[in-house]
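My request is simple: use the sequences and hints to build the entire structure.
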Amino acid sequence: MKRSKFLKLVSMGAIGTSAFGLTGLAKALDNTKPTGQKMPVLFSSHGNPMDIPVPHYGNPFNSYLGNLGKEIKSKYDVKAILVVSAHWCTKGSYVNILSSPKTIYDYYGFPDNYYTIKYPAPGSPEFAKKVANGIGEIDTTTEWGFDHGNWPMLMHMFPEADVPVFQLSLNYDKPAQYHYDLAIQLKKYREQGVLIIGSGALVHNLRLAIAKMRTGDQSIYGWETEFDEWVKNKIDDRDVQALINYEKYKLGELAAPTPDHFVPVIYSMALADDEDEIRHTFTEMNPGFSNRSFIIESKK
Numbered sequence: 374m375k376r377s378k379f380l381k382l383v384s385m386g387a388i389g390t391s392a393f394g395l396t397g398l399a400k401a402l403d404n405t406k407p408t409g410q411k412m413p414v415l416f417s418s419h420g421n422p423m424d425i426p427v428p429h430y431g432n433p434f435n436s437y438l439g440n441l442g443k444e445i446k447s448k449y450d451v452k453a454i455l456v457v458s459a460h461w462c463t464k465g466s467y468v469n470i471l472s473s474p475k476t477i478y479d480y481y482g483f484p485d486n487y488y489t490i491k492y493p494a495p496g497s498p499e500f501a502k503k504v505a506n507g508i509g510e511i512d513t514t515t516e517w518g519f520d521h522g523n524w525p526m527l528m529h530m531f532p533e534a535d536v537p538v539f540q541l542s543l544n545y546d547k548p549a550q551y552h553y554d555l556a557i558q559l560k561k562y563r564e565q566g567v568l569i570i571g572s573g574a575l576v577h578n579l580r581l582a583i584a585k586m587r588t589g590d591q592s593i594y595g596w597e598t599e600f601d602e603w604v605k606n607k608i609d610d611r612d613v614q615a616l617i618n619y620e621k622y623k624l625g626e627l628a629a630p631t632p633d634h635f636v637p638v639i640y641s642m643a644l645a646d647d648e649d650e651i652r653h654t655f656t657e658m659n660p661g662f663s664n665r666s667f668i669i670e671s672k673k
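Taken in order, the sequence shown gives residues 374 to 673; the numbers are from the working numbering.
Mixed in with the good hints, there may be bad ones.
[What the hints assert, rightly or not] With a cut-off of at most 30 angstroms between alpha-carbon atoms, the simulated DSBU-like pairs for lysine-lysine come out as follows: (1) Lys464 - Lys547; (2) Lys547 - Lys605; (3) Lys475 - Lys502; (4) Lys621 - Lys673; (5) Lys623 - Lys443; (6) Lys621 - Lys464; (7) Lys621 - Lys411; (8) Lys672 - Lys560; (9) Lys491 - Lys502; (10) Lys547 - Lys623; (11) Lys561 - Lys446; (12) Lys443 - Lys547; (13) Lys446 - Lys621; (14) Lys585 - Lys502; (15) Lys607 - Lys672; (16) Lys560 - Lys547; (17) Lys672 - Lys561; (18) Lys560 - Lys673.
Worth flagging that the hints you see were computed from the coordinates, not collected in a lab.
And the structure:
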């Protein structure tokens, strides 16, 4: 899909740059002290919308998310969660500063009960403003909420909805290198109690996935596994430059015909320090999709 066409599709959620701005003085006011505990970083698939209300015992991915959330809560004092979602693409980079973000149902054609589910976690305007103040390329907005790259994942990971959550948009006009350079600047917030989650998919070809669904064929094409394995190897090798240039790989444009779902991988990888370990936590494949997820965590 051409970028111009995709931008048209997401324009209802896009935000122009003219209405927002922060002064140079405000950008210098990020003085939050480290908490003494370094938060992990996640990259996670957000799964199939059809599985949103399925109980953990009926869905391996939802069960995995539930267990991961329990593990994180048992080990870390998470002050806030920052989600870099594939489903919030904008012209410019924004963080949402709402104190009570709405639940957004950015999917279509599902049963009525899929549009009544709420994830009532509070927003984190305090941390969102600190991120905007601390990183010059990021501005604030109140024009968004929790989209389906966010709440369908978090409702299983943290069902109590007791951790404040805010989102960072993807500037769709910028190349992958821009996102990597921006993501590096988020590192310091790991030391301040912020759990950062890149939410997307290593493989996300919706057109070919739908083609399989229409025939009832649940077998993968085969190329999904090859690309997924290539990305896994680059992750394990810490070869971020190869990930930034994923479109140059022979299956890059087939596996990620639009960058929105792959770019969150780059955000998560940019946040890894040399002393961190990377653990692959879920590896299920579906036709046209990879649900591979991983955690970046300090060995200390």
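For each hint, the structure was consulted:
Simply put, Lys464 and Lys547 have alpha-carbon atoms about 9 angstroms apart, close enough for the 30 angstroms limit, and the pair holds. A C-alpha spacing of about 24 angstroms is found between Lys547 and Lys605, which places the hinted pair at or below 30 angstroms, so the restraint holds. Proximity of Lys475 to Lys502 is assessed by CA-CA distance (about 18 angstroms); at most 30 angstroms being required, the pair is judged to hold. Distance hint between Lys621 and Lys673 is unfulfilled; the C-alpha atoms sit about 36 angstroms from each other, more than 30 angstroms.
About 39 angstroms separates the Cα atoms of Lys623 and Lys443, which puts this hinted pair outside 30 angstroms; it is violated. Note on Lys621 and Lys464: the hinted pairing holds, with a Cα-Cα distance of about 24 angstroms set against a maximum of 30 angstroms. A hinted pair counts as satisfied when its Cα atoms are at most 30 angstroms apart, and Lys621 with Lys411 does not qualify at roughly 34 angstroms. Between the alpha carbons of Lys672 and Lys560 the distance comes to roughly 16 angstroms, so the proposed pair stays at or under 30 angstroms and holds.
Of the pairs offered as hints, the one joining Lys491 and Lys502 holds, with about 25 angstroms between alpha carbons and a cut-off of 30 angstroms not exceeded. Distance check on the hinted pair: Lys547 and Lys623 sit about 22 angstroms apart at the alpha-carbon level, within 30 angstroms; holds. Distance restraint check for Lys561 and Lys446: the Cα-Cα separation of roughly 20 angstroms lies within the 30 angstroms cut-off, and the hinted pair is therefore satisfied. Using a Cα cut-off of 30 angstroms, the hinted pair Lys443 and Lys547 is violated, with the two alpha carbons roughly 36 angstroms apart.
Using a Cα cut-off of 30 angstroms, the hinted pair Lys446 and Lys621 is violated, with the two alpha carbons roughly 39 angstroms apart. Annotation: proposed proximity of Lys585 to Lys502 is violated, straight-line Cα distance about 43 angstroms (limit 30 angstroms). A threshold of 30 angstroms between alpha carbons decides the hint, and for Lys607 with Lys672 the separation of about 20 angstroms falls inside it, so the pair holds. In summary, the hint linking Lys560 to Lys547 is supported, as the alpha carbons are separated by about 20 angstroms, within the 30 angstroms threshold.
For the given pair, Lys672 sits about 17 angstroms from Lys561 by alpha-carbon distance, which is consistent with the 30 angstroms threshold. Only pairs whose Cα atoms come within 30 angstroms are accepted, and Lys560 paired with Lys673 is accepted, the gap being roughly 17 angstroms.
In the structure shown, a violation is registered for the earlier hints numbered 4, 5, 7, 12, 13 and 14, in ascending order.
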